[in-house]
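Participant: Chain by chain, the residues run as shown.
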Amino acid sequence: MPETARRGIDPRGPRFAAAITSVLLLVTVFLSLTGISTSKGTLTAVPRGFVVDPDGWAVQAASVAQRVFDPGFLALAVVALLFLWGVASPRTAPWGVLYRRLVAPRLAPPAELEDPRPPRFAQGVGLFVSVVGLVLHLVGVPWALPIAAAAAFVAAFLNAVFGLCLGCQLYLLLQRIGLVGRTAAA
Amino acid sequence: MGLAALLAATLGIGLALRWQQNRPRRDVVHEVVEPARLGAERLGERATLLQFSTELCARCPGVHRTLASVAEGQEGVLHLDVDLTHRPDIAKHFHVLQTPTTLILDGDGAVQTRFGGVPSRDVLELELARVTGEPVHA
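Residue numbers (the numbering used here), protein chains in the order written: chain A, 1 to 186; chain B, 187 to 324.
This is chain B alone, in the form it adopts within the complex:
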C-alpha cells in the first residue's frame, strides 16, 4: 500500500517534471544580455541559444549537443554554453536554480523565452522559429 503510493507519487513527479521541461516560459524579464559578461565575443545575429550548465550536470552535455545542432542548421543563430560552476554571480543574476537552463535571445540580445531542464528538440525549434519570426514548416 505504502509502496504503491510511493511509486505512483514518483511517477507523478516524473511526468510533471517532464511536462514542465517542455514548456517554454515567456513571462520573463526581456533583459538585453551583454555577451562580454558571459565571456562571449558576440551574440547571434538573428537569435542566440544561451545555455547555462555546471560541471556536475548530467543532462547538460545532451542539451549542448541538441542546441549546437539546432544552431548549426540555421543562419545567424548562435549557441552559447556558459559554465556556472565557478560563476555564482551569473547564476544569481539570471536566477538560475537548475541546470541545464536555456534562454532564447532574439536578434537584439533580449531574453524572449526560458526553458528549465531538458526540452525536446521539436519544442526548441518551434520556439526558436517563433522568436526569429520564421514561418513554421510543419
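Only chain A is shown next, with the shape it has when bound in the complex:
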C-alpha cells in the first residue's frame, strides 16, 4: 500500500470511472423501478385457487429466487461487484484500466498526481450503499433497490459532473461520530 500511495494517480481517472458508474446506476434505478421492488399486487396460491391482494407488495410475496432474478437486483449486484473490484484492487478495476489504455493517452499528461486512497474510500462507500440495498431487497423490503441505486447515483454523478466527492466529505463525519479509524496520535 505505501508504494501505490507514493506513486499517485491521474485525478481524472476516478472521475471518468464515476461517469460510467453513474450511467450504470441510472440504468439500475430504471430497472428497479420497473421490477418487483416497487410494484404492488400479489397472487398467492391457496388450497382451492388464488388470493389476489391488489395492495400487497410484489417483492414481499416473491420467492427468494424471484427477488434474485429481478433485473434491478442483478444490475445493482453488477455495480456492487465493480465497487468491490475498485476497493480490492483499484489498479486492475475495469474503468481505471479503460481510462489508462484509451483515454489518458489522448489527453495532456496530468498536472499533478494524486493520492489513490480517497477514490478508493469512495468506492467503499458505494459498495456499502449498494450492499445494503441488495440485502434489504433479498429480505423483501420494497423500494430498497431504487433508493440504494439512486443514492449511489447521486454520489457518482456529483463526482463526475461537478467534481464533488461526497464519500470523501463523509469521512470526517464518520470519524466524528466514531465509526472509522480513531487512531489519535498524541
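By construction, these hints were calculated from the structure, which means they are not laboratory data. C-beta: ideal position from N, C-alpha, C; glycine also. Do not rely on the hints blindly, as some may be mistaken.
Stated by the list, open to error - A few chain A residues that face chain B, going by a derived Cβ cut-off under 7 Å, partial list only:
| no. | residue |
| --- | --- |
| 1 | R91 |
| 2 | T92 |
| 3 | W95 |
| 4 | L166 |
| 5 | L172 |
Stated by the list, open to error - What the simulated footprint calls covered on chain B by chain A, stretch by stretch (three residues with Cβ under 8 Å from a Cβ of chain A suffice, anywhere in the stretch; the number is not a length):
| no. | region |
| --- | --- |
| 6 | 252–260 |
| 7 | 271–278 |
| 8 | 282–291 |
What the hints assert, rightly or not - Simulated restraints on C-beta separations:
| no. | chain 1 | residue 1 | chain 2 | residue 2 | range |
| --- | --- | --- | --- | --- | --- |
| 9 | B | M187 | A | G41 | 18 to 24 Å |
| 10 | A | G8 | B | V218 | 54 to 60 Å |
| 11 | A | S89 | B | V214 | 27 to 33 Å |
| 12 | A | F50 | B | H281 | 34 to 40 Å |
| 13 | B | R209 | A | P110 | 28 to 34 Å |
| 14 | A | L74 | B | R316 | 51 to 57 Å |
| 15 | B | G293 | A | A19 | 41 to 47 Å |
Dock chain B against the given chain A, drawing on the hints supplied.
Facilitator: Showing chain B alone in chain A's frame:
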C-alpha cells in the same frame, strides 16, 4: 419520469453545493488561533490561509495547490494545511464537518472567513484582499 426527477434533483444539489462552496462565511467566531496547537511555528504576518484536510479527501490536494500558490504570490501570507485524519480534537474544536475547509485568519491570527469545500481562486483572492485590507485590483 422518476429518472428525470432524479436527474433534475441531482443537478440541483450539485449546483447548490457549488454555489455554497464559493460563498465566504463571515458569521464565524473570530477566535484567535494558536499556531502551536496546529503543529505550526507561526502564522502569516498579514494573513494565514488555514486549510483542514484528511488523507481520504479527494479535493484537498487541489485546494492545497491553489492556496499554496495564492500565498506564494503575496508577502506576509502563509498557507497552513492541517491533516485532521488523526486529530479529531482539532476537527471538533473548529466544528469541521467536511474537508476541505479553509479559514482565513487576519494578521492577529483571528478567524475572519470560512469556506467549506472547494472555493475558486478568484473568490479566495478577493476575500484575502478584504481581510488584509488591500485595495482590490479588478
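Participant: Output the numbers, in ascending order, of every earlier hint that fails for this structure.
Facilitator: Of the numbered hints given earlier, those the structure breaks are 1, 2, 3, 4, 6, 10, 11 and 12, listed in rising order.
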